[in-house]
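Trainee: This is what each chain is made of:
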Amino acid sequence: MHYPFWDQPIGYGVLMAVIAVFHVFVSHFAIGGGLYLVVNEHLARRDGDTARLAFLEKLSKFFAMVTLVAGALTGVGIWFVIGLLAPAATEALIHNYVWGWATEWTFFVVEIAAAMLYFYGWKRVTAKAHLTLGWIYFVAAWLSLVVINGILTFMLTPGRWLVTGDFWQGFFNPTYWPSLVLRTGVCVMLAGLYALLVASRLAAGDFKARTVRQAAGWAVVGLAVTALAQAWYWKAIPAEVTARALETMPTSVRAIVLSLWLAAALGAVGVALVILAPRRFGTAAALAFMALGMAWFGAFEWSRESLRKPYILTGYMYGNGAEVALTAAYRRDGFLPQITFRTGDDGADLFRHACRSCHTLDGYKALRPGLAGADRAYLLALVQGAHLLRGNMPPFLGTPREAGLIADHLYQRTDHRPLGAIYQVEGLALGRRAYDLRCGKCHAVGTASDKAKSLAGQSAEDLSGMLDMASSLGEGMPAYTGDAAERKALVAYLQTLGQGGKP
Amino acid sequence: MTLPDYRFISAPLWLVTILHLLTLTLHLAAMSCLLGGTLIALWAGVRKQWSAPDAAGLARVLPAATAATVSLGVAPLLFLQLVYPRQVYAATIVSGWFWLAVIGAVIMAYYAFYRTSFQAHRTGQVSLGLLALAALGLLYTSLVYSSVFALAEQPDLLRALYAKDQSGWVWNPALGAYGLRWLHVVLGALTVGGFFVSVLGRKSPAMAATGRAAFVGGMAAAAAMGFLYLVSLDTYLGPYMRTPAMPVLLLALALALAALHLHSRKRFGLSGLCLFLSLLGMVYLRHVLRLVRLRGSFDLAAWRIAPQWSPFLLFLVCFILMLVVLVWMARLFFRSEPDA
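Chains as they are written, first to last, in our numbering: chain G, 190 to 692; chain F, 21 to 360.
Calculated from the structure, these hints are not laboratory results.
Virtual Cβ for every residue (Gly too), placed ideally from N, Cα, C.
A portion of the hints provided could be inaccurate.
As the list claims (entries may be wrong) - Straight-line C-alpha distance at most 27 Å; calculated BS3-like pairs for lysine-lysine:
1. 630(G) x 554(G)
2. 554(G) x 184(F)
3. 498(G) x 424(G)
4. 223(F) x 312(G)
5. 397(G) x 247(G)
6. 498(G) x 640(G)
To be verified - To give a feel for the contact side, a few chain G residues facing chain F, derived at Cβ under 8 Å:
7. 197
8. 302
9. 350
10. 354
11. 533
Unchecked claim - Chain F residues, not near chain G, derived (Cβ > 10 Å throughout):
12. 34
13. 39
14. 66
15. 77
16. 106
17. 108
18. 127
19. 145
20. 156
21. 191
22. 257
23. 263
24. 273
25. 297
26. 321
27. 346
Given the sequences, and given the hints that come with them, work out the whole structure.
Mentor: Dropping the structure here:
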């Protein structure tokens, strides 16, 4: 709140994802690829295998370009982006972990220097010196993961740090070790997948068969390590976090878990095939495996990010930068005194700092379409009940007056004609729209807060009566403020809910 | 339950300041070799002053200079954000798009350097177009840094700009506060780049001559620009004069002149050392100026200090280890003979 807010139309999630996804792949590849190169160089030199040495030299050129340029700069890019998108969280992290980051930087410098010398050194230095440079590169790169992993896992599971503020307790937090093993596995897997891709383009023959088989071995081992570590990781997360996620985001979480196992199985089967028929291994298949591996890892990173909701630093800071420690102050005096960069429009400022870091009006996680047809009183209820909506949002911690200002801000920007006019629907279709607007945001079908069962079998009068006293059904449940036509349609729709939405 | 408060600095301020200024000097030294070297290579290329192997020789070290600049830049940015988060994040957010575009500009420059270097390796020719592209990327980056970090020192302006425009498309309009400063930095880069080129090309009379000219000319111009900037400080000049800035400025100037003198005697190692120390002095001056400009809105002494000694020690050990490994690897690389 004590920073200006970057009001850009793309949406924070998209911008972050674009840079982060790319960086995460490249940086893990940079570690695994380094190991792949030196281990193979070692074997090739031992066996006097000149074909393999030539292959490795070619590989290392691409590798150097990717890690030195793309890896290093997207790393700096993430650094820039988090400072722009989540300055308060970045500030908090830096103050606690500056020496961690500084230590990581020393490894980073060695890594970059070693990569350069290794790359330029193929023809310049002795075999032994070259291998030494390669090992230095790999060890430095992996050590930088060892450090950054502490900070990354801290964000999801700060553990005892929340009580003691102790550097090491936050660093070696509950998910530190499983995550380290998992990421190391990913490094190895990506290295194998990449080598497969390069090998798939070799001319058919013994050399190709050998290279493909060996690269596939890397991918399988990496995959196996990752899969096991994944289960360990999930268990290491405090049960209340996973339980809450399962409850409020059941479909996405289950989908992730399923897709992970699916990818693991597919990957294993695919790679087994490679081991059996390496000579004919083609580029299309290699690309498919690569995509699979990336999708899998991407899903993992995504689930990790979603699990952290509504926090950016679990138990410490919410996704919008509101600080848990300041809850009482927010409730008493509101957000506005904390918002030090003001524009003169309090509603807009509040909306930016409370909601805008996750939502846009029309683009990513757009609010405007889903709020069409809402009246002001209902918008106010949504703001004040934000934590009850699907999406595992942070609670709105400001004062009631401030909630009203956000509601006004939204009301001025949304369509408030009746739903029938907006969507040109009537009957059950209108009822469904009314449900989506007025109920589904909190009682999403299929979640723990799904009310289909408790509504089943009730008469129209009962249901209408329930709507009359809606606001007394539970803390945070809003009063029904829609018009009569929508009410009638909604009641008819509710009657179908108990039967799975069919009339 | 009271949660830990993150508003603290985990080492004594003097220690953080030393590390900040030292790593920033290292970064600026690398940046100056890179930017200055590129500008000089362009100049020499346009005027066809160098032989093709000379030009290729310089082109082939520029990727490494880029890597050094980027990796040495990370640490000072970290310490900057540690001590001045309120100022720095705010300024970067207000100029968000320009700031973010730095990443693109540097990636572009980096690839251009690599291409130039590969091409030089293959064909012996250096592409001036690619070099110009890289130079553009670097100049853009330096200009954004100057304008954003100047904005970070003007909290009232920052607030007013944000109140008018929150889109991240705000460019610092107070050109007076950073235009001269930026030119001073670019001319300084030319000076250091001149030194770098003259040492790199000490066996080639043409290269050494261009380098020397840039070294001497750049220094004179940078000093003049620095003086103008000092005068333009206006109301800040008085308070600035009452800090230890003046003696340090004189010392830095003396060191720069000593570097010139030693350079003419071909004592390159000592000359480089003097130049580096002079740069360190300039970095210190810049640090003091920031504090003067921020007076009234920010006070270093307000930070709560809560040292984390064991992680700091870990860092220190790794830092020393890093220096040792870097030197050791360089020896390995430059002293090693390939197997027959």
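Trainee: Which of the listed hints are broken here?
Mentor: 13, 16, 17, 18, 27
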